[in-house]
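Engineer: One letter stands for each residue in the lines below.
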Amino acid sequence: MTVIRPDDVRHIAALARLSLTEEEVGLFSKQLSDILAYVEKLNELNTAAIEVARPDVPREGAAVGIGRTRPDARADAPKEVRSGILKQAPESIEGGIKVPKVFSE
Amino acid sequence: MSLDLATLTVGGVLQGLKRKEFRAAELAASYFDRLERLEPHLNAFLTVTHDEALAAANEIDALISSGKSLPPLAGIPVAVKDVIVTKGIKTTAGAKILSHYIPPFDATVVSKLKQAGAVLIGKTNCDEFAMGASGEHSAFGPTHNPWDHDRVPGGSSSGSATAVAAGECLAALGSDTGGSIRQPAGFCGIVGLKPTYGRVSRYGLIALASSFDQIGPLARTVEDAATLFTAIGGFDRFDATSVDTPPIDLSQLAQNDLKGVRLGVPKEYFISGMDADVEASVRNAIKVLEELGAEIREVSLPHTEYAIAVYYLILPAEASANLARYDGIRYGQRVPSPTLRETYGRSRDEGLGPETKRRIMLGTYALSAGYYDAYYLKAQKVRTLIQQDFTRAFQEVDALVTPTSPTFPFRLGEREADPIQMYLADVFTAPANIAGIPGISMPVAWVKNLPVGLQLLGPHWSEERLLTIGAALERALHTPPKLPPIE
Chain A
721 MTVIRPDDVR
731 HIAALARLSL
741 TEEEVGLFSK
751 QLSDILAYVE
761 KLNELNTAAI
771 EVARPDVPRE
781 GAAVGIGRTR
791 PDARADAPKE
801 VRSGILKQAP
811 ESIEGGIKVP
821 KVFSE
Chain B
145 MSLDLATLTV
155 GGVLQGLKRK
165 EFRAAELAAS
175 YFDRLERLEP
185 HLNAFLTVTH
195 DEALAAANEI
205 DALISSGKSL
215 PPLAGIPVAV
225 KDVIVTKGIK
235 TTAGAKILSH
245 YIPPFDATVV
255 SKLKQAGAVL
265 IGKTNCDEFA
275 MGASGEHSAF
285 GPTHNPWDHD
295 RVPGGSSSGS
305 ATAVAAGECL
315 AALGSDTGGS
325 IRQPAGFCGI
335 VGLKPTYGRV
345 SRYGLIALAS
355 SFDQIGPLAR
365 TVEDAATLFT
375 AIGGFDRFDA
385 TSVDTPPIDL
395 SQLAQNDLKG
405 VRLGVPKEYF
415 ISGMDADVEA
425 SVRNAIKVLE
435 ELGAEIREVS
445 LPHTEYAIAV
455 YYLILPAEAS
465 ANLARYDGIR
475 YGQRVPSPTL
485 RETYGRSRDE
495 GLGPETKRRI
505 MLGTYALSAG
515 YYDAYYLKAQ
525 KVRTLIQQDF
535 TRAFQEVDAL
545 VTPTSPTFPF
555 RLGEREADPI
565 QMYLADVFTA
575 PANIAGIPGI
585 SMPVAWVKNL
595 PVGLQLLGPH
605 WSEERLLTIG
615 AALERALHTP
625 PKLPPIE
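So the sequence lines, in the order shown, correspond to chains A and B.
Counting with this note's numbering, you get residues 721 to 825 for the letters of the first sequence.
Counting with this note's numbering, you get residues 145 to 631 for the letters of the second sequence.
These are calculated hints, taken from the structure and not from any lab test.
Be aware that one or more of the hints could be misleading.
[Claimed, not checked] Under 10 Å between C-beta atoms, here's a sample of chain B residues computed to sit facing chain A: (1) Leu457; (2) Tyr475; (3) Ser481; (4) Tyr488; (5) Gly489; (6) Asp562.
[What the hints assert, rightly or not] To list a few chain B residues with every Cβ distance to chain A over 12 Å, as calculated: (7) Leu147; (8) Asp148; (9) Gln259; (10) Ala260; (11) Phe284; (12) Ser395; (13) Ala420; (14) Arg427; (15) Pro480; (16) Arg485; (17) Thr508; (18) Ile630.
[Said to hold, decoys possible] Here are the simulated DSBU-like cross-link-like pairs (lysine-lysine), alpha carbons at most 35 Å apart as the crow flies: (19) B:Lys234 to A:Lys821; (20) A:Lys761 to B:Lys231; (21) A:Lys750 to B:Lys240; (22) A:Lys821 to B:Lys411; (23) B:Lys231 to A:Lys750; (24) B:Lys234 to A:Lys807; (25) B:Lys231 to A:Lys818; (26) B:Lys240 to A:Lys818; (27) B:Lys240 to A:Lys799; (28) B:Lys212 to A:Lys807; (29) B:Lys234 to A:Lys799; (30) A:Lys799 to A:Lys818; (31) B:Lys501 to A:Lys821; (32) B:Lys501 to A:Lys818; (33) B:Lys258 to A:Lys799; (34) B:Lys231 to A:Lys799; (35) B:Lys258 to A:Lys807; (36) B:Lys411 to A:Lys799; (37) B:Lys231 to A:Lys807; (38) B:Lys501 to A:Lys761; (39) A:Lys750 to B:Lys501.
No residue lacks a Cβ here, since even glycine has one placed at the ideal position from N, Cα and C.
Full structure from sequences and hints, please.
Structural biologist: As structure tokens, this is what we get:
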């Protein structure tokens, strides 16, 4: 049975870009371990012969739009949508979103 | 003008408007009046849109005065779950990180509601990012069950179900990923429909699990649910998973004779631990279906017991990817920090609730290197087995009849401590999302003033048949519609 230790929680939180408090680390260590213990019941089933049903294969009875494409052409958003988007930015400057530096010194 | 909001239907509104028995603005005002008095007890709404509603209602009234024909949802007061974006109207997904977010566009279903003449009453409360089965995971306080304020209304479409049941609106939109329309409909005593995957556009639905999510109607009658479904469904070029299917034939819903309809009762859906009154009510309704001419057969869906495990591996995996965008950068709350990494980490830590974090981490783990095969891929394989269970059953029967939930609505706080107990609330509803098939929940009994929901499940694209069976059952049961009193 898989146990998620606090160090595992810290690692997963880093991958998920979550800054957890120590209290959260402890709580999630227990809860995630319990949940994993539950979902491991799937190991009761032998699935060796199963091929995963693929979402791009048509289901019976409906025409699924595989390969439905549009022209590879530029389609600008209307001005009001553009300004609506920029209004939602936590910080913006001159028609752009102000973000923390991506590359550190 | 005497409006009985308990018995009013979409058809009744259209008739009343045409006959000039009331105006759309007056109708909206009646609902707002109830809403204002009930909301302190219910907390079903996060945003109430008086101005937008009045403007839409006035437009309908102008149409009526001019003698022009009315669109199919003319003047109908509807509410929309806050995971569905509305242009210029705050949309939060029930989450702190989006508490001030104002979308610059309408979801396709919202555009369709507007085109159909609906009057938007407001945006409804829900579990954060639609993750929950009780409404208790909203960042803005839980919604209360309208029939017992100490109990949950179900979730995640908690506000939509409560608003319709309490007469704060006539119909609502919700979203259903593992039961989030059907289960709260069952807990609130109303009708909820999860369409076949692909039948209603997800464009503008704040995504949770992209292979499970569907938007659907919550309404007071089966026919109203059908009318709303017809208005919002259809192919949408902005949703690559939406499918072109013909609209359903609403006239079929008038049938009372179910002769020739084969209904399967899956034995795995009548489990020990179920509430005895829930089981008895559902079995009684099955007898009524038999009296209407349906043939009842016991069937087996042997992989039912694995559905929750499948669901709680695939959902978190998909959610962890879908929720990566809430990082404080382009929209939502940003916690300004010295580095980019800390900006992400602290914005997400402060803006996301515990259930959301739990599921993001579970999903991140299940998809991570070394664990992908054992968890995510394994779950997808068992998903195929669950789908095959349904395919086999539908070779023998036309639809399945089950309880919507194993229990009555539980008390607020009762399942907070143990996440798995909360997850098991979806045991009868999640399989439909796993297989992509449609499902309806409808009320079939009241026990000590709490509702019991019955669920109908059918093959892909069988909404018309499910709605036909549901409408016939509804008429045969003729339970008087009711509204909770205003204290």
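Engineer: Compare the structure with each hint and give your call.
Structural biologist: Here is how each hint holds up against the structure:
no.	hint	verdict
1	Leu457	5 Å, holds
2	Tyr475	4 Å, holds
3	Ser481	7 Å, holds
4	Tyr488	4 Å, holds
5	Gly489	3 Å, holds
6	Asp562	8 Å, holds
7	Leu147	37 Å, holds
8	Asp148	41 Å, holds
9	Gln259	19 Å, holds
10	Ala260	23 Å, holds
11	Phe284	19 Å, holds
12	Ser395	22 Å, holds
13	Ala420	26 Å, holds
14	Arg427	28 Å, holds
15	Pro480	8 Å, violated
16	Arg485	7 Å, violated
17	Thr508	4 Å, violated
18	Ile630	38 Å, holds
19	B:Lys234 to A:Lys821	29 Å, holds
20	A:Lys761 to B:Lys231	44 Å, violated
21	A:Lys750 to B:Lys240	25 Å, holds
22	A:Lys821 to B:Lys411	58 Å, violated
23	B:Lys231 to A:Lys750	41 Å, violated
24	B:Lys234 to A:Lys807	13 Å, holds
25	B:Lys231 to A:Lys818	23 Å, holds
26	B:Lys240 to A:Lys818	21 Å, holds
27	B:Lys240 to A:Lys799	28 Å, holds
28	B:Lys212 to A:Lys807	39 Å, violated
29	B:Lys234 to A:Lys799	20 Å, holds
30	A:Lys799 to A:Lys818	19 Å, holds
31	B:Lys501 to A:Lys821	26 Å, holds
32	B:Lys501 to A:Lys818	26 Å, holds
33	B:Lys258 to A:Lys799	22 Å, holds
34	B:Lys231 to A:Lys799	14 Å, holds
35	B:Lys258 to A:Lys807	24 Å, holds
36	B:Lys411 to A:Lys799	57 Å, violated
37	B:Lys231 to A:Lys807	13 Å, holds
38	B:Lys501 to A:Lys761	23 Å, holds
39	A:Lys750 to B:Lys501	14 Å, holds
Hints 15, 16, 17, 20, 22, 23, 28, 36 from the earlier list are contradicted by this structure; the remaining hints agree with it.
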